Amino acid sequence: MPTPDQGPGDPDGPDQPGDSDEVLRQFAAMVAAPDLAELRGLGSATDADPFARRTTNPHLRRPRRATPVLLRVRVDLAGAAPPIWRRLALRSDLTLAAVHDVLQAAYDWAGGHLHRFAIGGDCFDPRAEWFLCPFDAVEGDDLGTPDSEVTLDEVLVEPGDVLHYVYDYGDEWDLVLVLEEVTPVGTTTPPAACLDGERAAPPEDCGGVRDVADLVGLLEDPNAFDTAGVDRLVAASTALLALRPDLAELLGRLRATPVGPELLARVAEVAGVTGPPSRGEVPDEAILLSHLAGHRWFLQRAQDGGLPLTPAGYLRPVDVAAAAAVLPSCSHWLGRANREDLTWPVRELRAELQRMRLLRKHQGRLVLTPAGRRAVADPSALWEHLRLHLVSGSVDTFEVQARLLALLYVASQPRGHHEHRLADALTWLGWRERGTHPISPDTAAWAISEVTSALTEVAVRDEDPSRAGRSSRRLSPVAVELARAALAPW
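FYI, the numbering for the sequence shown is 1 to 490, going by UniProt numbering.
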């Protein structure tokens, strides 16, 4: 049945001529209106592409404190049920890069994935200020400040302040750090400590599991937590802060390898004996004169015209014999010590003094360098030069990496042979022999022979005839002190 007409005067009727054209005209005017353009801009700001690169990094952090304080911080793993948390005491002058190491230790993670920090929002909120790990800072597309350039007191100032941290962008381990209390720093306060906590952390690469019911199959006991054990791991992580940067960088690379825990334990052991490695007090002059006699013999003989060499570049037999009569490691030498190629303690120490640029060859003689002239006149200057140059050069080279690790081994365990452990560590750093073979103990020993010789000769010569034929390649306490001093930042 046809529907009734509405009549020509009905404004809502569909048959009014020109109505559709008018509607289109009004819609076009609305689309072009400034108010709608502004709404479009607002929409683009609120619904921004989450993967678009930011053009600015908001500056929300505050000035550093003039004097360090101790920050008590509660750390929670976001989304964990029941909570998986830690309470930490952190020095305010720690860099965020160091805080990353502490958090890794506190949650028993290995540090093999990317991470970042943020304030003013979570770690991917474009309105937040981001603090990036080294890879993201150099290679990534995100705009932010390197976490090594920011200290904790710039982002946590008053109780209630929040710092966000994410580790492993796949599993997204989100940690929320809340500042609970600010107290003074004591003279013996460690850089970081674990005070309390609950429940074991989820293992890495488990898909982001946070629920205790799901963790039962992944952890032996999801409810287990050992405050003292975690505190030891935290202490080891912060001990790296007291090391020279090149060694700390190597240990950071090795932390997630099978040799990492043992090396970090050595760092903690060295730091626990007499405190973190430091330049320390230079031994008094009497100790320096007695323990550096071998080094000083070469420097003194190279004065006033230099120490003559044979046409083949060796020391003359008479000088080899004179040097052997002074070196501690030759005190019980069997046989005639008059050929440098056969008297290896003399050969190695001479080579080491040249490598450290205390001696140099000039017109068939060994002569003093400017540093050598300062060292021969002042035993304390010789000590400082040895400290700075026992290991020097690019950390990217095999020899420098071997020497750095050797210093750590001898500083933590002066007696014993470390060639096998050193070879394993160098292999895990990526070095190979003959293309694919792991580093052998013999190769490791060869790489550190000269620095070992330089340390061995920091001793008092043993003239006891009853010890004839016994090895004198044992480090003296003064040599261990020098090795520890060489581990400290420059």
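Since the hints were derived computationally from the structure, they do not count as laboratory data.
Everything numeric in this text was worked out from a predicted model, so none of it was measured.
A few of these clues could be false.
Claimed, not checked - With a Cα cut of at most 20 Å, we get these calculated EDC-like pairs of lysine to aspartate or glutamate:
#: 1; residue 1: Lys361; residue 2: Asp341
#: 2; residue 1: Lys361; residue 2: Glu348
#: 3; residue 1: Lys361; residue 2: Asp442
Verification of the supplied hints:
{"no.": "1", "hint": "Lys361 - Asp341", "in the structure": "holds, 17 Å"}
{"no.": "2", "hint": "Lys361 - Glu348", "in the structure": "holds, 15 Å"}
{"no.": "3", "hint": "Lys361 - Asp442", "in the structure": "violated, 29 Å"}
Checked against the numbered hints given earlier, the structure breaks only hint 3 and satisfies all the rest.
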